[in-house]
Amino acid sequence: MESKVLGRIGPRVAKSGCAAAGSCGGTDEQLAHLPEEIRKKVYNHPCYSEQAHHYFARMHVAVAPACNIQCHYCNRKYDCANESRPGVVSELLTPEQAVKKTLAVAASIPQMAVLGVAGPGDPLANPERTFATFRALSEQAPDIKLCVSTNGLALPDWVDELAKCNIDHVTITINCVDPEVGAGIYPWIFWNNRRIKGVKGVKILIERQQKGLEMLVERGILVKVNSVMIPGVNDEHLAEVSRVVKQKGAFLHNVMPLIAKAEHGTFYGVMGQRGPTHGELQALQDACAGNMNVMRHCRQCRADAVGMLGEDRGAEFAMDKIETMEIDYAAAMPRRARVHAAINEELAAKRAGTVHVPSAPPSPAGTKYRPVLMAVATAGGGLINRHFGHAREFLVYEASSQGVRFVGHRKADRYCGGGDTCGDGESALAGIIRILEGCEAVLCSRIGYEPWELLEQAGVQPNGEHAMEPIEEAVMAVYREMIDLGKLDAGHDAMQSKARA
Amino acid sequence: MAYKIIASQCTGCSVCDPECPNNAIREKGGTFFIKPEKCTECIGYFDDPQCVVVCPVDDTCVIDNSVPRYEARV
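Protein sequences, first through last, are from chains A and B.
Numbering-wise (this note's numbering), the first sequence opens with residue 1 and increments by one.
Numbering-wise (this note's numbering), the second sequence opens with residue 1001 and increments by one.
For the record, the hints were derived by calculation from the structure and aren't laboratory data.
You can trust all of the hints, since none of them are fake.
Keeping only pairs whose Cα atoms sit at most 20 Å apart, straight-line, the calculated EDC-like set for lysine to aspartate or glutamate is:
hint : chain 1 : residue 1 : chain 2 : residue 2
1    : B       : 1028      : A       : 91
2    : A       : 197       : B       : 1048
3    : A       : 200       : B       : 1048
4    : A       : 200       : B       : 1047
5    : A       : 248       : A       : 178
6    : A       : 197       : B       : 1047
7    : A       : 246       : A       : 168
Chain B side only, calculated, beta carbon under 7 Å to chain A, not exhaustive:
hint : residue
8    : 1014
9    : 1015
10   : 1046
11   : 1053
12   : 1054
Treat the numbers as computed from the prediction; the structure is a model and nothing was measured.
Where is the CB? At the ideal position from N, CA and C, for every residue including glycine.
Given these sequences and hints, build the entire structure.
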């Protein structure tokens, strides 16, 4: 089968994109069992803490173009400035440029806490460029956390060097622990001057990933594991991956949906391999959550993303603009320290419960109400503070008698395929209503008349009454309202669906 | 006596450059090319030409028919 696989268009790995900085975090509750020392490392990392990602920003520098394996979901030849996914990048940087860009961003966005090298290839397949960047930054900007993400093939060779550069977070993309499963994901690896195809290559990759994971854990370096959920290929296998990596000491698992479109030119895209539905992804994340902390706020960002998760300010910091900037990093450091301290104080207050955390509604006479999904439009800060029409993504929360939990996010804008794939098909609004499937309410700061009507017709109740309120509290308030209005009573759903029919 | 890189297919990822045992690969304008006088098709070094097996885009590093095949000196 490998030869068939190999016959396709080129390209390479991606994996990392989200990995390092890009991605995701667990909730405080999920992190509660971790030792204090690890929790401290996680609290102010936007990619690891669900809370922190509303406050702290991250950036990736694209210094690592080369890769040592081939993944079926990756084609880095294709680069569209309008799309956001791992492995894609607009501008490759030299280590010197990367350092300058990082300092420029950190000076002008004081919330920027984390710098990751995530590609567009595999950072450890470009060790000179990657480590030149890390070495310079650990000297010049000691207040920035450094992360790296990798497919793991070269990892065991570089663990000690990573430790030397004070890298305390590494993300490994592990899509399988069974070579038979992996043969459907990785057509080949480049190993000891040979291209090794199929199961044989995957077996080496898995061994190296697991060894790297163990070595990092031994040295006290935090390891997050990313997995791409590929329906019919590894979806049923990922709970096992979760179990294995937890047992070996990874502290978080980030299960991401496959992104595959024909216009991306990836093997999966061209072959019509579908990605998971929101429901399938959430079900798998819930299954993995039984084993370990699962991240749900990953935005699968680009290997050159800049800003808060879910936003990309990369265009403001293109290299031609950076070159002309005067950066006084020494002057920026105290300001950064003040901003970070204020955010940490707010986060600590939240954790300590001095900021009101909504409690579950009382269930009178033992009535148990079903959980409800709600979408939220936010611009950050943990508040409902974005106009519906301006939202490029929605956070999804589940309200239930257990309280409110974050379950994921949904992108409102479609991936740009360029040319004639842009702008055709469904209207933007119809597309948003489609991605809100399963949500019964959408909370935003304001919303126009037309979308209000269409949302209502689609069974999603728009709600602008909680503008500028903390998300969890507002979601619980709306849940209570639904209970009070009898919307969650046993007979109500049946009545509703009859009325709609 | 050499491989060549089809520039229109080269992604400029640079992965071939450090793998070449003859230091025959150079970059120009964002893509890479092989200096034919330096390329030995990896004969004497590896079983497979390194640029071919490491390149992410299949059929991008190919034999350059405009120059004679490399022959290992005995």
